[in-house]
Every structure is written in structure tokens, then in C-alpha cells.
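Under my numbering, the first residue of the sequence shown carries the number 1, and numbering increases by one thereafter.
Honestly, I wouldn't trust all of these hints.
To be verified - Below, simulated PhoX-like cross-link-like pairs (lysine-lysine); rule was C-alpha separation at most 25 Å, straight line:
no., residue 1, residue 2
1, K295, K321
2, K224, K432
3, K171, K132
4, K517, K578
5, K252, K312
6, K128, K115
7, K549, K590
8, K517, K570
9, K120, K132
Said to hold, decoys possible - Taking CB as the label site, the calculated pair distances span:
no., residue 1, residue 2, range
10, L276, K252, 14 to 24 Å
11, E319, P19, 20 to 30 Å
12, D142, A268, 37 to 47 Å
13, F198, H150, 50 to 60 Å
14, K549, G609, 17 to 27 Å
15, K570, K429, 43 to 53 Å
16, T408, F198, 48 to 58 Å
17, D299, F96, 27 to 37 Å
18, E319, G86, 21 to 31 Å
19, F544, A476, 22 to 32 Å
20, I127, K570, 55 to 65 Å
21, G86, A461, 16 to 26 Å
22, T90, G584, 22 to 32 Å
Don't read these hints as lab results, they were simulated from the structure.
Even for Gly, the Cβ is constructed at its ideal location relative to N, Cα and C.
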Amino acid sequence: MKTFIEGTTRDQFLERPMPHSAESERAILGSIILDNALISQAIELLKEDDFYVQSHRRIYNAMTLLFERGSEINPILIGEELRRDGALETVGGVTFITNLTYGLPHFANIAHYAKVVRGKSLLRQLIKAANKSISEALEEEDEPEVILDHAEQAIFALADERTRQGFSHIKPVADALLEKVQEMAGRSAVLTGLTTGFHELDQMTSGLQPSELIVVAARPSMGKTSMCLTIAQNAAIHAQAVIGIFSLEMSKEALVMRMLSSEAHVDAHRFRNGFLSRDEWARLAGALGTLADAKIFIDDTPGISVLEMRAKARRLAAEQKKLDLIIVDYLQLMSGSRRVESRQQEVSQISRELKGLAKELNVPLVALSQLSRAPESRTDHRPQLADLRECITGDSVLTDAETGERRTVEALFASEKRASVFTLDHNLKIVKSAPARIIQSGIKDVFLLRTTSGREIRASANHPFLTIDGWRSLDALVPGQEIAVPRRYSFIGKKDALHPDRARLLGYLVSDGSYAKHRTVSFIASDSVVLEDARRICREQFGFEARDKGHWSGTPQLDFSVRGQYGPGKNPLIQWLKEIGIHGETTTRKRVPDQIFTATPDMIGEFLGGLYAGDGSIVKRAINLCSCVSAYSPYSGSRLDIANQQLILPN
Numbered sequence: 001m002k003t004f005i006e007g008t009t010r011d012q013f014l015e016r017p018m019p020h021s022a023e024s025e026r027a028i029l030g031s032i033i034l035d036n037a038l039i040s041q042a043i044e045l046l047k048e049d050d051f052y053v054q055s056h057r058r059i060y061n062a063m064t065l066l067f068e069r070g071s072e073i074n075p076i077l078i079g080e081e082l083r084r085d086g087a088l089e090t091v092g093g094v095t096f097i098t099n100l101t102y103g104l105p106h107f108a109n110i111a112h113y114a115k116v117v118r119g120k121s122l123l124r125q126l127i128k129a130a131n132k133s134i135s136e137a138l139e140e141e142d143e144p145e146v147i148l149d150h151a152e153q154a155i156f157a158l159a160d161e162r163t164r165q166g167f168s169h170i171k172p173v174a175d176a177l178l179e180k181v182q183e184m185a186g187r188s189a190v191l192t193g194l195t196t197g198f199h200e201l202d203q204m205t206s207g208l209q210p211s212e213l214i215v216v217a218a219r220p221s222m223g224k225t226s227m228c229l230t231i232a233q234n235a236a237i238h239a240q241a242v243i244g245i246f247s248l249e250m251s252k253e254a255l256v257m258r259m260l261s262s263e264a265h266v267d268a269h270r271f272r273n274g275f276l277s278r279d280e281w282a283r284l285a286g287a288l289g290t291l292a293d294a295k296i297f298i299d300d301t302p303g304i305s306v307l308e309m310r311a312k313a314r315r316l317a318a319e320q321k322k323l324d325l326i327i328v329d330y331l332q333l334m335s336g337s338r339r340v341e342s343r344q345q346e347v348s349q350i351s352r353e354l355k356g357l358a359k360e361l362n363v364p365l366v367a368l369s370q371l372s373r374a375p376e377s378r379t380d381h382r383p384q385l386a387d388l389r390e391c392i393t394g395d396s397v398l399t400d401a402e403t404g405e406r407r408t409v410e411a412l413f414a415s416e417k418r419a420s421v422f423t424l425d426h427n428l429k430i431v432k433s434a435p436a437r438i439i440q441s442g443i444k445d446v447f448l449l450r451t452t453s454g455r456e457i458r459a460s461a462n463h464p465f466l467t468i469d470g471w472r473s474l475d476a477l478v479p480g481q482e483i484a485v486p487r488r489y490s491f492i493g494k495k496d497a498l499h500p501d502r503a504r505l506l507g508y509l510v511s512d513g514s515y516a517k518h519r520t521v522s523f524i525a526s527d528s529v530v531l532e533d534a535r536r537i538c539r540e541q542f543g544f545e546a547r548d549k550g551h552w553s554g555t556p557q558l559d560f561s562v563r564g565q566y567g568p569g570k571n572p573l574i575q576w577l578k579e580i581g582i583h584g585e586t587t588t589r590k591r592v593p594d595q596i597f598t599a600t601p602d603m604i605g606e607f608l609g610g611l612y613a614g615d616g617s618i619v620k621r622a623i624n625l626c627s628c629v630s631a632y633s634p635y636s637g638s639r640l641d642i643a644n645q646q647l648i649l650p651n
């Protein structure tokens, strides 16, 4: 049998009782009965759950209830309290309560016994936390890093619970206060938080406050990193603070070079090239000695998650006995700790976790972030909170202007090749252009904008939309206001993406067909011409004959089963539907296959023809001497309807 711990088998380990001291618990309860004044000392040091023996726990709870009511604590009244809860017989009756005092001397202080009981309780909680961690590890439902984080949180929570402070004598408190006042007297401003070294900033903020998440936002190359490094240096050198820096963009060598050149007042470019005068070398040596004594710790792990950051910050705080400031450079380069559907959700998750980290460690956390170009268009160039980059969410779908392929913003961001998309030029004409850069945008609220035709987009409040009155931000729009949407654009498409007949059959099946999992592929239509066309395409493209099948409504229906002609699972039509990724979709989850969007306009026309012939209508009529075409779809407002609108645009 394998050993569970050294010298102990697993079965023996499980048979061992949980840590407890029934004698210490009995001594505390008996002493309270003998001297009711000791209940105050017990309440200060112990909770009900700290008692392991169930009867002791219930008796202690009854004692605290009597104390709250100002009643005497004796076996009779404790028994009455337990009788009201139906627990008197469970604990052993009044006799058991009375026997708690037998053989006990009169104690003036129960602190020693309380310490023993509290210690055993902490050990039980530690075992419980460890068992929970073992269970999570065995179940493997989360990532290993997440399970490790849960274990760390549980252990740190127990460490925080370990000390409970009661009354403090006034003398040490007064001495500490006087020392702090004397320290403040030597400063030009009174700070309640950590100094930044910037006098005016400290006056406005009273220093960096514990548990706060502070976002420093600016345009690229405007000095965000330099400012925060200066704050770190000032706090570490002048306030002896412990600083943790997470650099996701620059290496630790580059950061240290910046700090050395700043501290030594040496030109960074000359420092980098080594062209320094004798005086500059002397200043650099002095700066090195100063920074070597500063407690600044740098982690340059790229793409670090908040989960890893929390673990490293906890370890740093434990090793250094304190942690005064965390700096993150910069926010958009971080990754989330959990899998989410979109980058917008990931950024929201990151911001919540950073705030949680600041609160957990009770330290200020400074996060750097990119700023949008909006301030550049203002006369005073003054930034606003909304300028933390206007954006659309990562799951927003854009059309590749060359191929017609629909791709999410997140996919474009991850792609090494810059794809062309449709944009507006200065003349408000739709043109093809490649984004100069796609940037992860940071923390902000996102709103859903929906048009009357059913089109949707999720964007930040300051994202611009074109209206009759010019560009307006989303938060300035009102219901009923018109916004510009594309009416027509063109792309070449892939000629070999689909055969015209297959494109039309897809339209039939998507409109009024069935291709759910474990079901026969079928198509229903009241128009015999449409039905025969679908039968012909099946015969010519897939090599088997579709058969007629009755429908409960009486409408003719085609059954595309092969009746064992190709063997189990070898239906060529089903194989093709699987290849294009739509087999198994139910009526409410139907979508237009991706291959349709990359096909030529002629092929898209075949698909739309089959779609509206199967279920819908297209009517041409004259309105005010103009010829207009109206298309009706039964899927109005659905994602299938939105896709149809996008397909109609280039045709």
C-alpha cells in the first residue's frame, strides 16, 4: 500500500481524529459557569465554531445568548436556553452542564485554554482547506493556476484570521501617533497615503491610498512609464516603501536603465551607448548604490494574468513582510485568468481582478493605459475619462474587403497579416483600407446599439457614428435617430467557393430544411418547381435520388436519406454539410455558412434565390416613378436575417 504521508498509510491517516482538546473546551465552559465575568474574555478570543465537541459548541452558544440578554450564566438557565432550541437532551441534560465545573479550580484568566482551543480550530480549518484543494485538484475542473490560487487564498485567509486584537493600552498607541506626527511635521504637506514625490500631486491626493486602483492614461510615448518609475523611485528611496513592478512591455534591464539614468541625471541615449564623461560615471555609480538599497522588485513576464500577478504579489509581500505599491505597465497587454467569450469581457474581468488584488493586499495599484486620439481634436487638448480609447468589442464581426470573409476584431488582432476592411474616406465613400493597428483598449462600459432593421453593434459610449448632422458619439444618440449603414459595397470573392447548384440547395435547406443531429435531412416546399429543382441538385451533385415523404401539414417534403446505399454515416450530403460547418443546427440556431460570404456575387445570388424561394418573398414595385424591390424574410431580427442583409449589400 502506498504511503499517504511519511510513516502513515492513507487509511491510518483518515482514521485519525481531527485536532481538538476536549479538556480545554470543558475548562473554558466550566470556568465561565463559576465566574460569569470570564464570558467577555471568551467572546473576545473564541467563536462558536472554534469548539470541536458538538455539545460544548451548543452550550457556548447558549452562554453567549444569555450574556447578550444580561442574564446570569448557570446550569439551569443554560438548560432552559437549550430546551427552547430542542438541544438539551442532545448535549446530555442539565447534569452534563453541571458536571463541567467538577474538579475545576477557580480561574481568573482563561487565555491559555482559549489559545489551545483556537489553535486546534485553526488546524481543523487548515485540514478542511487542504482537503478542498485536494478535491479541486483531483476533479480537474479548473486550470491548475486557478486551483493553486484558490489554495493560496484559503491559506492566506487562515493566516489573517490567526490574530485577533482586543483592547490596546493607550501608551503604545500614543507613542506611535506622536512618532507619526513628528514625521509629518518634517514634510511640507500632510499625507495619509504613500508619497509620489510630486508635491502638487500629493497635495491633491494626500498620497496613493491603500486598496485603490489608479489608472494612469496617456497617448503612446507621452511619458507614462517614466512618470510611474519616478513615483516608484521616490517612494522606495525617500519613504523606504516596498514596490512591485509588473512590466509587460519593457524588459527589466530597460527599466533599470531608465531608473539609473534618471537617478544619476545622465542622458539615457549616452548611457545606452556608453559615451559618458568621468563626472557622469561618478554620478552613475552613486545612483547604482542608491537604487541597490531601494526595495524595488521587477517582474517582466510578458502577457501575465492577474492570477499569476496575485500569486507573485502575495509571495513578495510575505517575503518582505509588507508591500506598499504595485505598478502594472500596461493594462492592455494583460491576459485574463479565465476563458471568456470576448476581449471586452476579458478586459472587464482584468479590471475587476486588479481592483480585487489592491483590496486583498491593501495596497495602491497603479495601472498604465493607452489614451485615444480624441483629446487631439479638442481646442484645449484636455483628456476626459471617456478617452481611454473608443472601441468596439472583440467579438464584433468585420467583412474582409478582399474575400468577403467575416472575421471578428479579436481574430484580426491575433492575425499576423493585415486584412483590408471597408471604411469611409474623407468624401464619405466606402473604400477598402487596412487598419494601421488594432489596439486592446482597456476598461470601459460597453453598450448595445440596435437599428430597426435588427443590426447590432456593441461599442463604448464615445464610439462615433455617422448621422445626418455629422459624427456623433454613441452616448449622444437618441432612439429614432438615423445613423449611416452601408447600402452597397463590392468584392471579388472566390470563384471556386461553391457550385451554383450547391449554393441554391443551401438556400433551400437553410430557409425551410432540416439538418439537425441524428435526424434525416429533409426539405419542405409547396412549390413543385422548387421541390423538383432540389431533387435534381441532389441527384447531380451528390449522386443519389431524394425521395418523397409526407409531412404532417400535408405540404410535400423531400427526404435526403440514402437507404444504405453508401453505408452507415456515409451520406454524401450530410458529409458536405459537416464540412461547411452547419450540420446539427436546429431551426432557432441556423446561420449562413461562412463559405457563402467568400463566394462571388453570382454564387451569393444563387443562395439568396434559394433562400427566398424556400421561405420568403421578393416583390418588385414602382413607388413615385422609381422601381423598388422589397424582400420579406420570416426570420426578421434573427442572426439569420442580419446575415441576409449583409449578403444583399454587395448584390
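Hints, one by one, checked against the model:
no. : hint                     : verdict
1   : K295 to K321             : holds (12 Å)
2   : K224 to K432             : violated (34 Å)
3   : K171 to K132             : violated (44 Å)
4   : K517 to K578             : holds (10 Å)
5   : K252 to K312             : holds (16 Å)
6   : K128 to K115             : holds (20 Å)
7   : K549 to K590             : holds (23 Å)
8   : K517 to K570             : holds (14 Å)
9   : K120 to K132             : holds (19 Å)
10  : L276 to K252: 14 to 24 Å : holds (22 Å)
11  : E319 to P19: 20 to 30 Å  : holds (29 Å)
12  : D142 to A268: 37 to 47 Å : holds (44 Å)
13  : F198 to H150: 50 to 60 Å : violated (39 Å)
14  : K549 to G609: 17 to 27 Å : holds (24 Å)
15  : K570 to K429: 43 to 53 Å : holds (51 Å)
16  : T408 to F198: 48 to 58 Å : violated (42 Å)
17  : D299 to F96: 27 to 37 Å  : violated (58 Å)
18  : E319 to G86: 21 to 31 Å  : violated (52 Å)
19  : F544 to A476: 22 to 32 Å : violated (59 Å)
20  : I127 to K570: 55 to 65 Å : holds (58 Å)
21  : G86 to A461: 16 to 26 Å  : violated (58 Å)
22  : T90 to G584: 22 to 32 Å  : violated (57 Å)
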